[in-house]
Amino acid sequence: MRRRIWADPRLGLLVVIVVLVAVFTALRPAFLDVDLTIVPIQSDLTVFVVVGLAQLAVLSLGHMNLAVGRMAAVSAFAAGWAYDKLAVPLVVGLLIGLAVGALVGAAAGWTIAATGVNSFVVTLALDFALIGLVSLLYSTFSDGVAFHVAPAGMDILRGDTFADYCAGDLCGPPIPLVVPIALVAALAVGVFFRNSRLGREILMTGSNLQAARLSGIPTSRRIIQAHTLSGLLAALAGFLLAVTNGAFSADIGGSFLLPSFLGPVLGGTLLAGGAVSVLGTVFGAALTEVIQTGLNLLQFEVEKFKIYIGIVLLVALSLDRLRQVLAERRKQEVPRVPEPVEQKEGVA
Amino acid sequence: MTVTAEKLVKKFPGVRALDEATLRLAPGSVHALLGENGAGKSTLIKIMTGVLRPDGGRIVLADGGEAHFGGPHDAQRAGIGVVHQERNLIPAFSVAENIALPAVPQRFGFVDRAAARALAKRCLAQLKVQLDVDRPVSTLSVAQTQLVEIAKALAVDSQVLLLDEPTASLTSDEADRLFTVMRELRDQGHAIVLVSHKLDEVFAIADTVTVLRDGRSVAEAQPLADLDHDEIVNLMVGRAHAVLELARTPVDRTATPALELDGIGTADGHEDVSLAVRPGEIVGLYGLVGAGRSELARAVLGLDKITAGTVRIRGEQARIRDVGEALRRYRIGYVTENRKEEGVFLTQPISRNIAVTVWRRLARAGLVRERDENSLVATYRERLGMRLSGPAQLAGELSGGNQQKVSLAKWLAADCDILVIDEPTVGIDVRTKAAFHELIVGLAADGLAILLISSDLPEMVTLADRVLVMRDHRLVGEVDNDHDYDRTSQEVGRLLHQAR
Amino acid sequence: MTTPSLKISFRGTEFTLTVLAVLAFVVLALTTHGSVLHGDTLTAIFQFLAVPMVIGLAQMAVLGVGQMNLSVGVVTGFCAMVTAWLMVDVGLPAWLALLAGLATGAAIGLVNGLIVVLTRINGFIVTLATMTIIDGLRYGVHGTATYQGYSPGLVRLGQGSVLGVPTVFLFAVLVAIAVAVFFRHVTVGRQLLASGGNPLAARLSGVSNDRSLVLAHLLSGLLAGVAGVIVVALSGSVNATIGDDLLLPSFAAPIIGGVALAGGVISVVGTCLAALIVRLVDVAQAQYSINPDWVDLIVGAVVLGAVLITQLRGRAAT
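In order, the protein sequence lines correspond to chains L, F and V. Mapping to the UniProt record's numbering: the first sequence position 328 is 328, numbers consecutive. Mapping to the UniProt record's numbering: the second sequence position 485 is 485, numbers consecutive. Mapping to the UniProt record's numbering: the third sequence position 135 is 135, numbers consecutive.
Don't read these hints as lab results, they were simulated from the structure. Remember, it's a predicted structure, so these values are computed and weren't measured experimentally. One should not assume that every hint holds.
Computed list of chain L residues with no C-beta within reach of chain F, every gap over 12 Å [what the hints assert, rightly or not]:
1. D33
2. P151
3. E201
4. L326
Over 10 Å on every C-beta distance to chain F, these chain V residues come out as not near it, computed from the model [to be verified]:
5. V22
6. A29
7. V188
8. Q287
9. I298
Straight-line distance between alpha carbons at most 20 Å, and here's what the computed SDA-like set of lysine to any residue pairs gives [what the hints assert, rightly or not]:
10. K340(F) to Q210(L)
11. K198(F) to A221(F)
12. K305(F) to A114(L)
Virtual Cβ for every residue (Gly too), placed ideally from N, Cα, C.
Let the hints inform the model, and build the full structure from the sequences given.
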């Protein structure tokens, strides 16, 4: 069955984004100012898209990762430590960070798969533990709360856009150099869940654990792998934020939790598992970023934009729900059989 | 008459689950409700207890009024209590509170515990059961929870008490105690409905019997004294069943069995199960619900522990640890009975539902191309006659029969030549059912070895070459099927219901 | 049948926690040469136990129906700000402002519950959204500025003590008793737990699961409001950052206290004892001048350990 295009929630998101950009531009023409908004928006967006992807990686299973921010923090510590003490090149530090993130994610996944404890609790407890660990690590190994390091290339990655590189008269677009990293990550995660056997088997596991097991999918392994991916992406997000901030500090990841859910959930990824939307996550993160920047320009107080984001989240989800109910009602040729089956509430 | 259900009709998409079934209940009697699986017993019970609404017919209550149940609570208020097969108690609550839950005694919004305990004690005393009413239900045995459920039904003054397979998980001692309780209640003037597959216990306790077949009541409140064992079996299985004649290829009985079990025992309780399925053969495994048929299949697939005996696949001893190994190394597929819960991924496209077992083969450098999946769908769409709008359609949007085909197709796609097919046509309408039967016969003709688990006797007679009968986790006999329904069904029924 | 063992282990959580708390206290007293037994320290321990206790109960109320409430922390902060605003800027008498603060919490809880029931959206996401909204609203009351100097009588009451016991702690204990009575003896409270324990059975017994969900969220909001007014009375000054660090402790107390995430099983005593133990970890940190970061690390490990033990115990029982 071909899904009708207008019924795609992602199209709705795109329309809202375009309308909001138009409104903000009309109110404050500075909204389209390259240095003031366009470039910073892209840098922020880069981080939040990757954070959203980190959450999406486990939402695919119907799980959650509440430790997404702290996984980023631990990995950022590892990378910062490597730059500071071992003076490794930029790429090596990044790889070390990614490895640490993946390892922490794998540990979370293993705990969930082996004990059957709810992912919410496991990652919540892990978050608690890592908050303490990260601060301890920084106070033990750094001269305070951060590594102020600048391996070769980091400043360029932070400050430059493609517009800074010209071949004769032809300069690149004003896109920060970090953006392609997020793009590659999004593309890779998209292909992973869309085309790769592993990703598809993870989705099947999330869609119906029993059926997956009976179809010969090693479900425990897939659960661990999804959480590993989540940790890996959280680490990447942490690294990108550290690059943007210019320091590997203990507070990296502190504000990741909310955006990590906002992107995927606004983009139409359900908490139930079995389906993910990478493009939706990008749009969801973009919408959040546009609202934030716009309200900022309109000189709303910093905290106030949260009210609007929360309302947007509720309205978007309620509309989506309404759409589903209407679609079901239209499809119903037989009267619904009121089986005594309760809708499962809470998190699985 | 306490309650009469007259000419109830209930239609589900494609099936008439109830077709003018009538159930007459009299106070002070134990009434047995019998019928093979799928005859409409559960539907009838659901209507009587307000869970489903009938499409036709009516329920007349003791006072002559017609009942219109909007929900379970209405039926309770009308004095119809039910003890379901599933446990319907709150684990953390005490016995007293569970019994009092439908009508909590309260004072100013506070639970009147003394009254609740008194009520519980009264109900339990009525059953002549000794039980500490303050114990949490989570600490009770299965038999005890069942008694608590009966007490709970009494607490709302149920004149009619429906017991759905109450002895399914009880030991024979516990069952005897339950029967004493039932007689007690009968003597107090309640109308008791016993739904059971076990004919011995029906004869032991019931006064009258209603038999359902294909949604019709073929015996209506007949005194049980007038009937004997064989007559009941005949009523249940029916005589005039048209058995579909399907051309069968003769099986080479000298060939090495594709699947052979030798003295298998399992953690689930199977003992000394031996059977062999040869290529091209359909071996039926018949038995009551709970006899351990599906559990045997699960043990063979490595989902449950095998504790004794050997499994041989194509003549070689095999040790199967999980489904993945069964699938890839031994090419055994299992079409589950729980289609919606375990068979298909309702929220996923058909292409993925079918290709899930072969992604390993389809993948190039770890990536699967949709084109390959779609051609797979096209192959099986034609071979199995699936009706679908396209490979991207979600499995949840398909009819039951087509979902079942999807569930089957994934094993065929994986080149399985040993198939365990569990209750393939439950909840599938008659026409699709016939097509499905042809399909299974066709698979056998292609040389697949098929172990067919079914509780549908006509289906068994239509499809199986041999029927093995399982009772209480043991094989109790084998019937060579000559596709003569009367002879085979009576033979199977005899094995199934013979005295222990 | 494992009748006795299960019964013991069921009460066991509370027993273990009591032993643990007493032990921790004794060890603290001995190793600090009795300094935690000094009046001031003792008062501080219990004064600052009030909020974690109540906030743990607020989370427990929704866990009872198998839901979660991510907004408890920010609701606490918001209610505190509203109460202070009503006293300082509007000029309401303290008692009226306190009632209004409680009503605010209850109203937010009611809205949470209604959204969950009406839209059937997962409670986690609903409260994530309302958390975000209220987080913003919290700053809308008075920006980042601080309210202080309101009702000296209230603050005196909040910081005072009765017979040596801090009033706020006494109040929290009363609230805990009220919550315990609600879940133990009040009909709707029992029905709420019935819905959480077995929704199908509850429905077949005529219990409205929707009503239970709304009620649980309402109660959760109300208790967050209670925590808010305790903060107002205790601290003498409030600003919009209140509640930021309450979300994780709100889960820690009930989870360590033996409350099932799946719903249907609660433990008021366990939750309060767990809050006390977490508080003692805090005290130990201050007494030994350990790096405060150890607290989170230990609490995290304890939460995970508590859950794993419960899980293993559940497996052994079946």
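The hints, checked one at a time:
Against the 12 Å criterion, D33(L) stays outside the reach of chain F, whose nearest CB is about 42 Å from its own CB. With a closest Cβ-Cβ approach of about 32 Å to chain F, P151(L) is found to remain outside the 12 Å limit, as its non-interface label requires. The non-interface label for E201(L) is inconsistent with chain F: the shortest C-beta to C-beta separation is roughly 7 Å, within 12 Å. For L326(L), the condition that its CB be more than 12 Å from all CB atoms of chain F holds, with the nearest at approximately 16 Å.
Annotated as non-interface, V22(V) keeps its C-beta farther than 10 Å from every C-beta of chain F; the closest such distance is 27 Å. With a least beta-carbon separation of about 37 Å from chain F, A29(V) lies farther than 10 Å from that chain, consistent with its non-interface assignment. The claim that V188(V) lies off the interface is violated: its Cβ sits roughly 7 Å from the closest Cβ of chain F, which falls inside the 10 Å cut-off. The claim that Q287(V) is not at the interface with chain F holds, since no C-beta of that chain comes within 10 Å of its own (minimum 39 Å).
Residue placement check: I298(V) keeps its beta carbon more than 10 Å from all beta carbons of chain F (closest about 30 Å). With a C-alpha separation of about 10 Å, the suggested pair K340(F) and Q210(L) falls inside the 20 Å cut-off, and the hint holds. For the suggested pair K198(F) and A221(F), the alpha carbons sit about 18 Å apart, so the restraint of at most 20 Å is met. This hinted pair checks out: K305(F) and A114(L) have alpha carbons roughly 19 Å apart, not beyond 20 Å.
Against the hints set out earlier in the document, violations occur for numbers 3, 7.
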